[in-house]
Amino acid sequence: MERRFASHPNEVKQFDTDRLRKEFHIPTLFTPDQLELVLTHEDRLIIGGAHPVQGEVKLDTDMKELGVEYFLERREIGIINVGGTGTVTADGEEFTLNHKECLYIGMGTKDVIFKSSDASQPAKFYLNSAPAHKAFPAAKATLEEADSSALGDIKNSNDRVIYRFIHQKGIDSAQLVMGMTLLKEGNMWNTMPAHTHPRRMEAYMYFDLPEDAAVIHLMGQPSETRHIVMRNEQAVISPSWSIHSGVGTSNYTFVWGMAGDNKRYDDMDPVSMKELR
1 MERRFASHPN EVKQFDTDRL RKEFHIPTLF TPDQLELVLT HEDRLIIGGA
51 HPVQGEVKLD TDMKELGVEY FLERREIGII NVGGTGTVTA DGEEFTLNHK
101 ECLYIGMGTK DVIFKSSDAS QPAKFYLNSA PAHKAFPAAK ATLEEADSSA
151 LGDIKNSNDR VIYRFIHQKG IDSAQLVMGM TLLKEGNMWN TMPAHTHPRR
201 MEAYMYFDLP EDAAVIHLMG QPSETRHIVM RNEQAVISPS WSIHSGVGTS
251 NYTFVWGMAG DNKRYDDMDP VSMKELR
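Here full-length UniProt numbering is used: the first residue of the sequence shown is 1, the next is one more, and so on.
These are computed hints drawn from the structure, not numbers from a lab.
Computed from a prediction, not measured in an experiment: that's the story for all the values here.
It is possible that some hints are incorrect.
Unchecked claim - Below are the DSS-like pairs computed for lysine-lysine, each with C-alpha atoms no more than 30 angstroms apart in a straight line:
#, residue 1, residue 2
1, K58, K13
2, K134, K115
3, K64, K110
4, K110, K134
Model the full structure from these sequences, guided by the hints.
Rendered as structure tokens:
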């Protein structure tokens with residue numbers, strides 16, 4: 001498991017492209033038959049992916065890094081499948097996840113196993129794990145079962161649907177909030193006008209992007225914005241002091257996950273377009 005430290009906004013002002021990418025960009029999430037994990041000290045969220053192809057992949061790492069005996073001893077995890085159909089087995093209970101379906105597994109679950117249903121169309125399980133103070137039961141949600149809302153319009157190139165899976169009015173959790181945003185064809189902008197939420201951090205994972213496409217992810221303080229070029233199935237860490245928005249060369253989908261002081265999806269500090277620099 002790779003470790004990323006938290007960065008002060010005054011320090012980030014001095015970062016060049018390589019340093020920005022080193023601190024915030026996660027280029028590899030899905031390696032066949034492996035577990036990829038990145039621990040950020042921004043609210044100690046773990047971001048990763050499990051990509052079982054020929055065999056099973058177990059949720060496991062060097063427990064010295066977490067100070068526990070097993071991964072979810074003091075943590076919870078949200079899982080969204082962005083690949084083919086697969087199964088997640090949690091302490092013997094098996095859940096089937098189709099494309100763009102979500103599973104939550106609570107604190108205290110000892111064994112989590114990922115497996116694909118068809119090696120020719122393997123599953124890609126995207127993971128967000130946050131520290132937890134209370135155990136909640138495992139729960140699954142499909143797109144149809146998620147709390148959804150349509151935002152934006154084609155005039156502003158941001159016609160999109162937001163699906164909330166793990167949140168205050170959906171799947172219960174200790175602190176993790178997780179969902180997905182789908183931009184309709186011909187739309188490229190997300191989360192603009194921008195906002196920050198100083199009480200919690202966020203991570204984005206962009207997917208459904210053509211091989212030759214890119215998303216320009218915007219970050220930084222409103223008066224000191226920076227950008228990171230993102231490709232398909234890559235993630236980015238967004239500190240609590242940073243805006244998080246982006247524009248693509250085509251439409252795309254992204255998974256967002258948050259950890260921090262509360263679970264209110266709408267807890268944000270809006271940023272006027274006039275404030276951005």
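To see whether the hints hold, each was checked on the structure:
1. K58 / K13: Answer violated: K58 to K13 is near 39 angstroms, above 30 angstroms.
2. K134 / K115: 27 angstroms, holds
3. K64 / K110: Since the Cα atoms of K64 and K110 sit roughly 16 angstroms apart, the hinted pair holds (cutoff 30 angstroms).
4. K110 / K134: 15 angstroms, holds
Going through the hint list in order, the structure does not satisfy hint 1, though it satisfies all others.
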